[in-house]
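*Asks:* In case you want the letters, here they are:
Number of protein chains: 2
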Amino acid sequence: MQDKRKGKSLMDKIKETTANIKGLDTKLMEEAQERLDSLTKPLGSLGRLEELAKQIVGISAKESPKLKNKVIFTLAADHGVTEEGVSAYPKEVTAQMVYNFVRGGAGINVLAKHSGARVVVVDIGVAEDLKSSPELVIRKIGYGTKNMAKGPAMTRDEAIKSIEAGIAVFEEEFKKGIDIIGTGEMGIGNTTAASAITAVFTGRSVEELTGRGAGVDDKGLKNKIEIIKKAIKVNQPDPKDAIDVLSKVGGFEIGGLVGIILAAASKKVPVVIDGFISGAAALVAYKIEPKVKDYMIAAHCSVEIGHRIILDYIGLKPLLDLDLRLGEGTGAALGISLADAAVKILTQMATFKSANVSEKIK
Amino acid sequence: MQDKRKGKSLMDKIKETTANIKGLDTKLMEEAQERLDSLTKPLGSLGRLEELAKQIVGISAKESPKLKNKVIFTLAADHGVTEEGVSAYPKEVTAQMVYNFVRGGAGINVLAKHSGARVVVVDIGVAEDLKSSPELVIRKIGYGTKNMAKGPAMTRDEAIKSIEAGIAVFEEEFKKGIDIIGTGEMGIGNTTAASAITAVFTGRSVEELTGRGAGVDDKGLKNKIEIIKKAIKVNQPDPKDAIDVLSKVGGFEIGGLVGIILAAASKKVPVVIDGFISGAAALVAYKIEPKVKDYMIAAHCSVEIGHRIILDYIGLKPLLDLDLRLGEGTGAALGISLADAAVKILTQMATFKSANVSEKIK
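Going line by line, the protein sequences match chains A and B.
Per numbering that gives the first Met the number 0, residue 0 is the first one in the first sequence, and the count goes up by one each step.
Per numbering that gives the first Met the number 0, residue 0 is the first one in the second sequence, and the count goes up by one each step.
What the hints contain is simulated information worked out from the structure, not anything from laboratory work.
Some hints here could point you the wrong way.
Stated by the list, open to error - Cross-link-like lysine to aspartate or glutamate pairs, in silico, DMTMM-like; alpha carbons within 20 Å at most:
id, chain 1, residue 1, chain 2, residue 2
1, A, K267, A, E91
2, A, K359, B, D216
3, B, K90, A, E358
4, B, K352, A, E91
5, B, K343, A, D322
6, A, K361, B, E82
7, B, K139, B, D128
8, B, K290, B, E15
9, A, K359, B, D217
10, A, K352, B, E91
11, A, K361, B, D322
12, B, K361, A, D216
13, A, K232, A, E206
14, B, K61, B, E82
15, A, K14, A, E170
16, B, K316, A, D320
17, A, K316, B, D320
18, A, K361, B, E15
19, B, K229, B, D322
20, B, K359, A, D24
21, B, K361, A, E91
22, A, K359, B, E207
23, A, K90, B, E15
24, B, K361, A, D217
25, A, K266, A, E82
26, A, K343, B, D217
27, B, K361, A, E170
28, B, K145, B, D128
29, A, K361, B, D36
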């Protein structure tokens with residue numbers, strides 16, 4: 000990557016991408032609304048599916064979008080902060096789960112298949128060298144972040160590189176055709192990073208937005224809260240500088256997802272946001288370029304309490320509330336299926352006229 | 000049907016069906032829980048999907064259920080009470096929409112296809128003779144109900160026949176293979192019937208549980224409430240006698256759905272309940288045989304305010320909350336897709352052992 004950057008500043012790729020994020024196509028959205036209102040159903044009776052269909056028309060700038068190519072990006076990385084005992088699972092689970100993704104045995108594999116999506120698994124910072132596989136994209140920024148309780152999780156340069164890696168991963172897959180994406184992640188310790196990011200940007204207390212992650216007990220939760228507070232105190236991330244926040248208390252997979260979200264929006268591709276960690280990435284992306292919000296679809300509201308705070312802050316209303324807290328992109332997979340259903344309503348239903356059905360009594 | 004009933008009392012078929020509704024297989028449910036807990040994900044992290052998978056194991060009494068054959072029953076009938084101006088759409092829309100179902104242009108066709116379900120359309124009481132078609136099951140109990148504001152919507156005999164017709168329709172389709180069903184309906188005026196049924200059984204006020212249906216305005220809503228009150232006053236349905244309530248303020252499609260729900264439960268088939276009218280049918284079925292509750296999956300919570308009251312009364316928690324209010328089985332179609340996803344989680348994910356992933360730190 001160094002070669003490509005000759006003569007360019009470090010942020011150029013990110014700036015170029017965000018510059019391509021435009022507003023939605025409101026004219027086509029109005030036309031979509033007219034079509035929705037002409038379909039054989041009481042006005043507005045398919046509720047949020049109708050809103051979703053309209054949003055996807057606006058994003059894609061296509062009158063009759065088809066969500067044929069569905070991709071879930073599941074990015075994995077490790078977190079140095081795990082040495083503080085913030086997680087219920089040992090650190091090596093990150094790598095083990097990547098192999099599980101590659102073999103197709105994880106929750107995301109099952110739900111992505113159910114929704115007709117393919118999963119792109121990316122090692123963006125797992126702490127060990129993973130066996131190469133055609134099913135695994137390797138874009139390592141480092142062997143896990145450093146312990147944020149002691150200093151910055153990564154350098155500013157690494158934070159930028161993680162975002163750029165996400166952009167590059169998206170652009171590579173985009174060549175094969177993408178109509179909608181979902182975000183996903185795996186990284187033991189990453190709810191700690193997500194909580195820290197959320198606290199810094201929203202100004203809410205660490206206690207309010209820190210949950211049990213994969214399942215720490217009461218004592219573990221108390222420790223986790225203390226560590227997050229310490230990380231914020233030690234690093235003093237600047238909420239006005241999204242890259243600063245990402246570098247000091249973030250993670251490589253979170254940075255990568257920021258890049259994927261920005262890149263998707265720049266290519267007019269709807270982004271279905273998964274749970275809390277994906278939400279933290281969405282928050283960083285939103286802080287870099289607020290216009291990206293219109294491209295986001297919140298799949299669900301996680302059990303992780305900080306997630307609701309993120310969604311409210313950005314202004315996103317989740318589609319599902321199924322007490323999920325797995326991550327990986329599992330909620331996004333279900334959200335993609337709803338988006339697909341919504342678009343089919345718009346494009347496949349008969350109109351009152353075509354079906355010869357009487358309209359409402361005036 | 001008369002011949003078959005010789006020597007049998009009118010209620011025999013219903014009694015025979017309800018007698019076959021047993022409790023769920025709790026032993027298999029415990030085993031399903033053990034398997035869920037062994038899968039590569041934090042304990043319980045797939046929330047309601049896990050509960051759903053377990054419930055379906057208990058219902059089907061199969062260790063590894065497969066939801067291959069998915070059927071949505073969409074029953075159509077007319078309502079005499081429409082002559083009181085309770086609906087925003089003219090009565091002839093019921094028949095027009097049945098033709099739309101048969102041609103595949105309605106919301107339910109699109110969403111059922113999306114979820115891999117087939118739609119069985121049943122004329123159980125449309126006010127006109129419909130053109131026969133291989134896509135349409137004709138089981139007419141009458142040409143619409145009578146105006147409940149003036150007297151009983153149907154006779155007790157007709158109410159029983161409508162339930163039996165539902166049982167017969169289910170049993171006929173069951174021969175072709177059914178693993179899960181959804182309920183659906185079409186009938187201009189049927190939110191009026193559903194509101195009346197709900198008021199009688201729950202004791203809540205008509206005002207509290209009457210909504211705008213397909214879209215009446217403020218004046219229309221006020222009139223609708225008055226008519227429902229009048230219907231209850233005129234008919235004095237006995238909440239202790241479910242058949243009495245169905246006959247006096249119900250509808251043929253509601254009775255048919257009662258039969259379908261009871262028959263499905265008797266054959267160990269999970270029933271995904273759609274919106275308000277399906278909910279009213281579920282309520283009648285629950286009043287006939289409370290054990291049927293365990294077989295029910297509430298797909299969503301409708302915009303129709305009475306629906307939430309029904310769900311709370313029976314004790315069902317909806318999966319989706321997407322501001323739907325179309326009926327036809329559209330919400331059930333989406334619910335079936337979630338049920339399918341849930342079962343796949345149970346049956347297709349790797350275990351910690353098989354995937355060689357480390358378990359939680361003790």
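*Asks:* Out of the numbered hints, which ones does the structure contradict?
*Replies:* 1, 11, 14, 18, 19, 20, 22, 23, 25, 26, 27 and 29
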